[in-house]
Structures are given as structure tokens and as C-alpha cells.
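Colleague: Now for the letters of each chain:
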Amino acid sequence: MLNIEAIRQDFPILQQKTNGKPLVFLDSAASSQKPLAVIKAVDTYYREYHANVHRGIYDLSEKASAAYEQARKKIARFINAKSWRELIYTRNATESLNLVAYTWGMQHVGPGDTILVSDMEHHANLIPWQQLAKRTGAALKYIPTTTEGLIDQPAYAQLLDSTVKLVAFTLMSNVLGTITPAKAMIAQAHAVGAVAVVDGAQSVPHLPTDVQDLDCDFLAFSGHKMLGPTGIGALWGKKPLLADMEPFLTGGDMIKQVGYDRCEWNALPWKFEAGTPAIAQAIGFGYAVDYLTALGMDNVRQHEKDMVAYALEHLGRVEGLRIFGPQDPEIRGGAVSFTFGDIHPHDLASMLNYHNIAIRAGHHCAQPLHDKHGLAATARASFYIYNTLQEIDCLIEALEDARKTFEL
Amino acid sequence: MLNIEAIRQDFPILQQKTNGKPLVFLDSAASSQKPLAVIKAVDTYYREYHANVHRGIYDLSEKASAAYEQARKKIARFINAKSWRELIYTRNATESLNLVAYTWGMQHVGPGDTILVSDMEHHANLIPWQQLAKRTGAALKYIPTTTEGLIDQPAYAQLLDSTVKLVAFTLMSNVLGTITPAKAMIAQAHAVGAVAVVDGAQSVPHLPTDVQDLDCDFLAFSGHKMLGPTGIGALWGKKPLLADMEPFLTGGDMIKQVGYDRCEWNALPWKFEAGTPAIAQAIGFGYAVDYLTALGMDNVRQHEKDMVAYALEHLGRVEGLRIFGPQDPEIRGGAVSFTFGDIHPHDLASMLNYHNIAIRAGHHCAQPLHDKHGLAATARASFYIYNTLQEIDCLIEALEDARKTFEL
Amino acid sequence: MDDLYRENILDHYRHPRYKGELEPHTHSHREHNPVCGDEIQIDLYVNGADVVEKAAFSGHGCAISQAGASMLMERIQGMPLAEVKALGKEDILEDLGIPIGPVRLKCALLSLKVLKAGIYGLDNIEALDEDDEDW
Amino acid sequence: MDDLYRENILDHYRHPRYKGELEPHTHSHREHNPVCGDEIQIDLYVNGADVVEKAAFSGHGCAISQAGASMLMERIQGMPLAEVKALGKEDILEDLGIPIGPVRLKCALLSLKVLKAGIYGLDNIEALDEDDEDW
Ligand SMILES: Cc1ncc(COP(=O)(O)O)c(C=O)c1O
Ligand SMILES: Cc1ncc(COP(=O)(O)O)c(C=O)c1O
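Residue numbers (numbering that gives the first Met the number 0), protein chains in the order written: chain E, 0 to 407; chain Z, 0 to 407; chain S, 0 to 134; chain X, 0 to 134.
Be aware that one or more of the hints could be misleading.
[Claimed, not checked] Using 27 angstroms as the maximum straight-line C-alpha spacing, the simulated DSSO-like pairs for lysine-lysine come out as follows:
id : chain 1 : residue 1 : chain 2 : residue 2
1  : Z       : Lys-304   : Z       : Lys-182
2  : Z       : Lys-140   : E       : Lys-255
3  : E       : Lys-72    : X       : Lys-53
4  : E       : Lys-39    : Z       : Lys-62
5  : X       : Lys-105   : E       : Lys-255
6  : S       : Lys-18    : Z       : Lys-72
7  : E       : Lys-403   : S       : Lys-88
8  : X       : Lys-53    : X       : Lys-88
9  : X       : Lys-53    : E       : Lys-237
10 : E       : Lys-255   : Z       : Lys-371
Hint data in this document are derived by calculation from the structure and do not stem from the laboratory.
Please read these numbers as outputs of a predicted model, since none were measured by experiment.
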């Protein structure tokens with residue numbers, strides 16, 4: 000069990016009040032808040048040991064390099080990687096997915112091949128594949144989801160044939176909350192010889208992750224959604240795949256040897272990290288992972304289930320409120336998207352903001368999914384380790400206020 | 000004139016002592032230290048107003064978005080851009096250069112075309128062009144530099160013909176210090192219809208920059224070398240060029256509209272910023288630019304000239320010490336590379352580290368240039384706004400100590 | 000109650016003025032804001048003296064965009080075209096009379112953009128956006 | 000004086016033991032560390048009893064890599080091949096007897112890598128590196 004009150008003390012931003020009202024932050028699916036341990040790790044880095052990494056032969060640089068690589072190991076262990084060499088730092092999950100598309104994709108996908116993507120993906124796990132299909136002449140096909148937001152399994156099975164080279168899908172939808180049956184889907188993809196790319200942007204922060212058990216080929220996630228700094232993310236990939244891939248960005252640090260007309264790439268993971276990296280951010284990411292590890296990801300998940308169960312029950316009772324996605328907390332995460340009568344989600348978000356409640360409104364970077372459901376926008380409340388059941392009550396109270404204002 | 004003592008007070012790291020010795024940090028060409036204003040800007044961001052940007056309809060997100068975009072305007076003005084829309088955030092100069100290679104390069108360069116690059120470039124402004132040449136079938140040719148490290152102007156003029164589509168060169172060498180005659184070189188490139196890419200990683204931190212006066216087409220630079228956080232850099236480009244370019248990374252935030260099989264890109268600059276950006280880092284970068292602007296870039300440059308003049312004179316008198324690059328402080332920046340007898344630069348750096356003096360040793364990510372000069376490695380001392388003439392004296396004293404140890 | 004939704008705005012939202020299409024019209028333009036799904040069409044009838052004799056809007060969207068459009072229609076009835084062309088952001092914000100953050104600003108200004116694009120005959124309202132905002 | 004350059008190391012650097020090439024040899028391998036330009040070749044003569052009867056190194060580089068190579072040569076003269084194969088990082092660091100940061104570690108370990116690559120017949124010492132260090 001998480002001690003939420005103790006956790007809340009670690010987050011300076013939650014101590015703020017606006018017009019006497021505490022902040023009710025229900026937008027962690029977009030980006031989480033940061034605990035003091037992470038904020039201080041970054042601060043201390045700049046105050047005490049900043050220097051460029053890897054090449055410096057002086058104490059500061061050695062200390063910075065060690066911390067940078069230490070953080071990588073923490074993050075790699077957090078997802079149960081086989082080796083820290085499989086963990087590549089990126090800016091965010093988006094860059095991680097683009098990296099795979101630009102490298103593995105451009106090397107292995109061609110005309111006649113198929114790329115499979117679920118139809119509920121975030122733009123980050125959709126547009127890179129559209130672009131790859133355009134560049135290579137491959138076909139891009141969509142794995143349909145049911146009205147409730149579940150992967151249409153028979154349809155998926157049918158789409159899988161020998162032309163499929165790559166399957167990409169989210170482990171947890173940022174709109175519907177759906178947790179996909181990733182392990183089975185990956186095995187099915189492997190059975191036809193396809194590589195499986197998992198978007199872990201929502202799942203890694205909220206669920207225990209074990210890439211060896213999942214057996215996926217690539218996993219993308221972001222630091223900022225899991226208590227870490229902005230500007231840092233990760234791509235995990237299986238070593239043999241990464242080893243065979245051409246580099247993505249090129250420049251300093253990713254080479255072993257450079258001449259005027261040839262280059263030899265550096266060992267993994269540095270082959271994929273060109274230029275001065277996000278050093279402070281990587282270190283902060285490591286502290287974020289420490290924080291989550293100390294809480295225990297099973298506990299993090301349990302708290303989320305409790306929140307979602309409460310939200311589904313109580314929000315579900317609000318008249319005129321329509322919740323999207325699976326109704327069973329066991330197969331969904333803490334992003335709860337909804338509409339409220341005909342109040343435009345933008346108006347709803349503005350109203351709630353007046354109550355110092357932060358939710359998101361829009362298509363949440365999943366416009367095709369919204370189009371498919373005939374919606375321009377939804378409102379979304381999402382939860383994390385610092386949220387309480389009472390905050391859901393606050394949300395409901397504010398919704399009732401909106402009902403009055405808009406004469407719903 | 001800079002008040003160096005006052006400036007030093009702003010840098011927490013310079014207050015440290017190791018074994019009673021203050022830190023003599025002479026590796027700012029690799030990465031600069033950070034003033035309190037920047038450290039605190041990042042810290043305050045996380046404590047008080049972190050939220051994902053652009054789409055949030057609540058106070059935190061609006062505040063974060065405003066600060067993120069405000070920083071962009073500051074940075075754009077710092078280099079005298081025509082519009083803030085020309086300023087794209089990247090991770091670092093390396094990513095900026097890769098962005099140009101992957102987008103403008105892939106769209107406009109083909110077989111039979113020529114890419115021109117100086118032979119003293121940092122790997123970041125070299126390998127992306129090697130890769131582009133390889134991918135497109137274009138020829139990559141090198142603008143030679145003289146033994147002193149100056150652009151060989153007649154050779155450059157001769158290389159420029161109608162096949163040249165892109166010319167890329169540094170405005171200030173990170174090894175030799177050379178300030179290239181960029182404005183003239185750009186005009187010459189334009190005269191044959193080529194686009195001019197300037198690597199400003201070293202120059203933007205150290206010199207006043209005016210992209211409208213230079214008339215370059217693209218300028219790449221990094222925040223971390225100019226007092227800013229790690230994990231943030233910038234690409235500036237002329238609006239018409241940027242507008243015609245395909246996006247680089249794709250995903251959230253860089254689109255206007257997304258369907259299952261088509262996309263419409265967002266307006267500049269966001270078309271090139273996919274996913275959750277390095278928000279805290281961009282804001283910190285803005286504060287770094289404020290700090291430099293308050294000092295005045297003319298003063299920053301003057302201090303550097305004073306440092307270099309002193310270094311060339313006094314280091315130049317050390318027996319057995321060989322300095323590379325131009326001897327005239329007017330045409331060089333504050334990176335001073337040297338060898339000292341036959342002491343290996345790595346040994347030199349380790350020795351100096353013992354005196355708490357941080358210099359760099361190696362090929363400084365310019366291996367071909369080192370090969371060309373028949374060197375495996377050099378030692379490099381580099382200066383910034385917080386360095387004093389006395390620190391050069393410390394360096395010289397420590398070098399004399401190394402002479403004794405190695406019986407030079 | 001929320002400052003953002005003062006009675007004035009809610010009133011325009013619930014009871015929009017000059018809502019509908021105009022026939023005949025001299026100008027008609029429609030735009031869609033994909034981010035929130037707001038859609039506004041504005042029809043004008045401009046007479047020989049270059050005066051907006053009639054104006055009407057149609058479409059749907061959030062309270063801010065709809066109230067903003069309704070207020071704008073009120074404002075421009077009988078207005079010389081030259082004055083319409085001179086209308087700016089400030090005028091819309093003045094009408095709404097509330098502080099508006101960057102995301103909602105797009106909602107608030109949608110009708111003005113549609114109006115201007117209609118008058119200037121531009122297909123793409125983003126063009127206006129960009130030209131306006133180099134700094 | 001710098002801890003890193005204790006008399007012991009400087010002595011090996013200035014007066015390297017077993018420097019040169021071996022003829023005849025049973026094993027010879029050379030590697031180059033592009034980052035610092037260090038280059039080391041190690042020649043071995045291993046007899047029928049699988050004992051390193053003779054070992055010598057050649058090449059050039061920084062004090063750490065050269066002293067490290069010299070010390071390693073001293074250590075392995077007359078050593079059974081099985082023991083040579085069992086040599087590790089720690090042994091080299093013990094010989095050098097000083098704390099060594101990550102960049103200089105590459106210098107310190109270069110000779111060990113050349114030795115192992117020579118014995119195992121690997122072209123690429125990086126392979127050893129990677130296999131060694133998944134964690
Ligand atoms: C001249 C030059 N160009 C490019 C770079 C690359 O900068 P970054 O590592 O920040 O991408 C550097 C920094 O080392 C440099 O000195
Ligand atoms: C499911 C999913 N995938 C990918 C992303 C992209 O993450 P980022 O913006 O950090 O790159 C997000 C975040 O919005 C997400 O929710």
C-alpha cells in the first residue's frame with residue numbers, strides 16, 4: 000500500500016494553493032509532477048559536478064560520466080533489461096519510436112511489406128509509421144479496437160501474415176486506459192517473423208515492466224511521465240537488433256574512429272547517442288526510477304487500480320457523463336476520458352481550472368481514434384501516485400458546478 | 000568590461016575546493032558551467048509550474064507553455080532572428096545539424112551534387128554530411144585549412160561550382176580556435192546557389208551573433224555550452240527554407256491534423272518539435288541567454304580575447320609547448336590546443352587534474368583534423384566568462400610540475 | 000462562478016445573435032480548428048458602399064468560440080469594410096471581457112480569423128496567424 | 000606529486016620491461032585505441048606445456064598504458080596459459096596500485112585486452128569488452 004499523504008509531501012508543487020484552493024492535478028498522463036529527490040538531483044548536478052561526459056580526464060567529468068551511466072543501469076534494471084547496453088537515452092518516447100522507424104525500419108521494411116499499428120495509438124506511435132510506409136512503399140494497416148477500446152483479437156490474428164515486418168502498439172492507451180495483451184500479441188507477431196515495438200509511454204510509469212518476459216523487440220518510454228525531468232526518454236531494444244542497426248543521429252561520442260571518408264561506430268548503447276547528451280536529465284531520470292522502485296511498482300499499480308475503480312464507480316454515476324474505454328480496472332490504467340453532456344471539453348477544462356483542478360481536454364494526440372468514435376475532443380482525468388480518492392470527489396463536485404453554469 | 004569576480008560568485012561550482020585547491024575549470028569549450036539564475040530557473044519550474052505544454056487548458060500548463068515560448072523568443076533575439084518561428088529547439092547542436100541533413104539534405108541533395116565541409120570540423124558537422132553523401136550519392140569534398148588553421152580561401156573558391164548544393168562549416172573551431180570568415184564564405188556559397196549551414200556551437204556562446212547580417216541559411220548551437228542546461232540546443236533556419244522542409248521527427252505536437260492515412264503538419268517552429276519537449280531546459284536556456292545579454296556579448300568577446308592573448312603569450316613561452324591554431328587573438332576564440340613535449344595529453348590532463356585544473360585531452364571530436372596534423376591527441380584549455388588570467392598562471396605552474404615528473 | 004463564464008458570455012453562447020446563413024451573401028468562409036473541433040462559417044453581405052449590411056455565423060464549438068462569434072456579428076452589423084479590416088485581437092478580447100489563456104485564445108479568435116480570411120479571400124487562416132506573429 | 004604517477008609507474012614508463020618483438024612467437028596481436036592513439040602489440044611464445052615462456056610488448060602511448068603493459072609482461076613470464084586466461088581487470092589495477100577513472104581505465108586495460116585478444120584469436124577487442132560488461 001502506498002502512503003499517499005507521505006508521498007504528497009515529497010512533491011513541492013502539490014503544496015501550492017491558488018485562491019486558497021489546493022492543486023488537484025489530474026493530468027499525469029500528459030506529464031507527471033516531480034518529487035524533491037529528482038528536483039534536487041538535477042540541482043546538485045549543476046551546482047556540484049557538471050561537466051561533459053565520457054571524454055573528460057578530470058574529476059568533475061568522471062563523476063558526471065559515472066552518474067550518467069549509473070542512471071542508465073538503474074533504468075535498464077527497472078524494466079528488467081538483459082544488459083544496460085540495451086538502454087538508449089532519447090529525448091522522449093516520441094524520439095525513441097522515430098529512432099526505430101528511421102533505423103530498423105528503413106533497413107528492414109520495403110515495398111510489399113506490411114506495418115501493423117493499432118487504431119488507438121498516440122500520434123507518436125502512428126505518424127512515424129505512416130512516414131515509414133510512405134518512404135519505403137510498405138503498406139500501413141490498422142489493428143482495429145472494439146467500441147470498448149479492446150484490441151480486436153481475431154482481426155489482429157487475421158492481419159498477421161508473412162508480409163508483416165513490424166507490429167507497433169501501446170501497452171496502455173493514453174485515451175482509453177486499455178492495457179493491451181502485449182505478451183500474447185508479441186508472440187503472435189514473432190510467429191510471422193515480425194518485430195514488435197511497444198509504446199510504453201503510459202505503461203512503464205504505471206505498471207511493473209519486464210522486457211524479458213514480454214519478449215518485445217523495442218520499448219519506448221519517457222522520463223517526464225514517471226517523475227523524471229523533461230527532455231529525457233529511453234529506447235530499449237534487444238541487443239542483436241540494436242547491434243545490426245545503422246546509427247540514427249551522428250556526431251561526437253557515437254563513433255569509435257572517424258576519417259574524412261569513413262567511420263566506425265561506437266559500441267552499444269553509445270552508437271545511438273550523438274553529441275552532448277541530456278546529462279542532468281538522465282541522472283534525474285535515475286532518481287525517479289529509484290523513487291518508484293522504493294515504492295514498489297506493484298503498489299503503484301494497485302493504487303492506480305483503486306483510483307480507477309473509484310472513478311469508474313463515482314464518475315459513472317454522474318448524470319450525462321460518458322466514460323470511454325474498458326470498465327474493468329484490471330485491464331485499464333489511470334487515464335479516464337469522458338464527455339459531459341454537450342459541454343465542450345475545452346469549456347469543461349476551463350471550468351475545472353477555476354476550481355484549481357487540472358485535467359486535459361482535446362484529442363490527447365490520438366485524433367484518428369477520436370474521429371473513429373465521432374468525437375472532436377474528450378476531457379481526460381488521469382491519476383498517479385500522489386492522487387487521492389478525495390480528489391475524484393472534488394472533480395465530481397466541480398462537474399456538478401459546471402452542470403449548473405451550462406444548465407445541463 | 001566584465002567583472003569576473005562578481006561573475007564567479009554566480010557560479011556555485013566555482014566555490015568548491017578539492018584538497019584545499021579551488022577548481023580551475025578550463026574546459027568550457029566542451030561544456031560551460033551554470034550560473035545560479037539558470038539553476039534556479041530549472042528548479043523553480045519543477046517546484047512551481049511544471050506541466051506539459053501547448054495543449055493544457057489549466058494555469059500550470061499555460062504558465063509552462065508561456066515560459067517555454069518566451070524562452071524561444073529570447074534565444075531568437077539573441078542571434079537576431081527575423082522571427083521566433085525560425086528557432087527550433089533540439090537536444091544539442093548535433094541534433095540540429097542532423098535535422099538539416101535528414102530534411103533539407105534528403106530533399107535537395109542527389110547524385111552528382113556536391114557537399115562542401117571544412118576539414119577542421121567537429122564530428123557533429125562532419126559525419127551527418129558523410130552519411131548524407133552516402134545516402135544520396137552526392138560527393139563530399141573538404142575545404143582545406145592551412146597549417147595555422149585558416150580556411151584556404153583560394154581552394155574554397157575553386158571548390159565552389161554549380162554542383163555544390165550545401166556548404167557546412169564552423170564559425171569557430173573547437174580545436175584551433177579559428178574564427179572563419181563566415182559572412183564572405185556564405186556569400187560565396189550563395190553565389191553558386193548553395194545553402195550555407197553554420198556550426199555555431201562554439202561561436203554563439205562566445206561572440207555576438209547576427210544571423211541576418213551573416214545571411215546564413217541554418218545555424219546550429221547548444222545550450223549547455225553557453226550557461227544553459229544540458230539537453231537543449233537550437234536550430235535556426237530561414238523561414239522559407241524551414242517552411243518547405245518535410246518534418247524530421249513525427250508525433251504529437253508537430254501536427255495540425257492527423258488521420259489514419261494522412262497528416263497535416265503544424266506551423267513553424269512546432270512542425271519540427273515532436274513529442275513532449277525539453278521544457279525545463281528550454282526555459283533554463285532562456286535564462287542563460289538573459290545572463291549573457293546582461294553581460295553584453297561584446298564584453299564576453301573582449302574578455303575572451305584578453306584571455307587568449309595572455310594565454311598565447313605566456314603559454315607560448317613555456318619550453319616544449321606547442322600551440323595550434325592562429326596566433327592572432329582577433330581571429331580566434333578561447334579554445335587553445337597544445338602539446339607539451341612528448342608527454343601524452345592524457346597524462347597531462349591527469350597531472351593537471353591533480354592540481355584541480357580541468358582541461359580536455361584527446362581529439363576533441365575532430366579526429367580527421369588531428370590525423371591531418373599527424374597527432375593522435377592534443378591537450379586543450381578553453382576559457383569563458385568566469386576564467387581569470389591567474390588561472391592561466393596556475394595552468395603554467397602545473398605544466399612545469401608535469402615537466403619535472405616526466406623529466407621533460 | 001467561473002470568471003471565464005460570466006453571464007454575458009453564457010448568454011451569447013445560449014442565445015447566439017445573428018446565427019444562421021445569409022442568402023444572398025457577398026462573402027462566405029468556413030474554418031475548422033482541428034484541435035478542438037470548433038467550426039465556424041461567416042457569411043457577409045457587403046453593399047456597394049463597402050459597408051457590411053448583414054453578417055451571420057454558423058457552426059458549432061465551445062462557449063468561447065461561439066460567444067465570440069456572436070459578439071463579433073453584433074459588432075460588425077452596418078460597419079464599413081475598412082473598419083472590419085482594422086479589427087484586431089484586442090477587439091475580440093474586449094468584447095469577451097475576460098482573461099484568456101493561449102489555448103483558449105485560439106477558440107476566441109477563430110471567428111475573427113474566419114472573418115478576415117473571408118474578406119481577404121484566403122483559404123488558409125493559418126497564413127494570417129503566421130504573418131501576424133513573427134514576434 | 001600526483002598520486003597517479005607514483006615512482007613505480009614512472010619507472011615502468013621510462014624503463015619498460017620486456018619491450019620489443021619476439022621471434023619466434025606463437026601469438027602476436029596488436030590493437031590501437033583511437034581515442035588517445037595508444038598502440039600496443041604483444042608477442043608470446045607459449046611452449047608445449049601451455050606455459051608462456053616469453054612475452055614482450057611494443058607500441059607507444061601514455062604512461063598508464065605503457066607502464067601497465069610493462070607490468071603485465073613481468074607478471075606473465077613463465078605463467079601457465081590457464082592462469083593468463085584467468086587474469087582480470089583487478090590484476091592490472093593491483094599492479095598499477097592507483098585509483099583510475101573511467102577514461103584512463105581504457106589506457107590501463109589496453110594491454111590486457113591485446114593479450115586476451117591474442118590468445119583467443121579475436122580480431123576485435125571490443126567484443127571482449129561487451130561480453131564482459133552487460134552489467
Ligand atoms: C564546433 C562544435 N560543433 C558541434 C559540437 C557539438 O555540440 P553538442 O555536443 O552540444 O551537440 C561541438 C561541441 O563539442 C563543437 O565544439
Ligand atoms: C501512449 C503514449 N505514447 C507516446 C507518448 C509520447 O510521449 P512523449 O511526448 O513524452 O514523447 C505519449 C505521451 O503523450 C503517450 O501517452
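Colleague: Could you tell me which of the numbered hints above are not met by this structure, giving the numbers in increasing order?
Modeller: 3, 6, 7, 9
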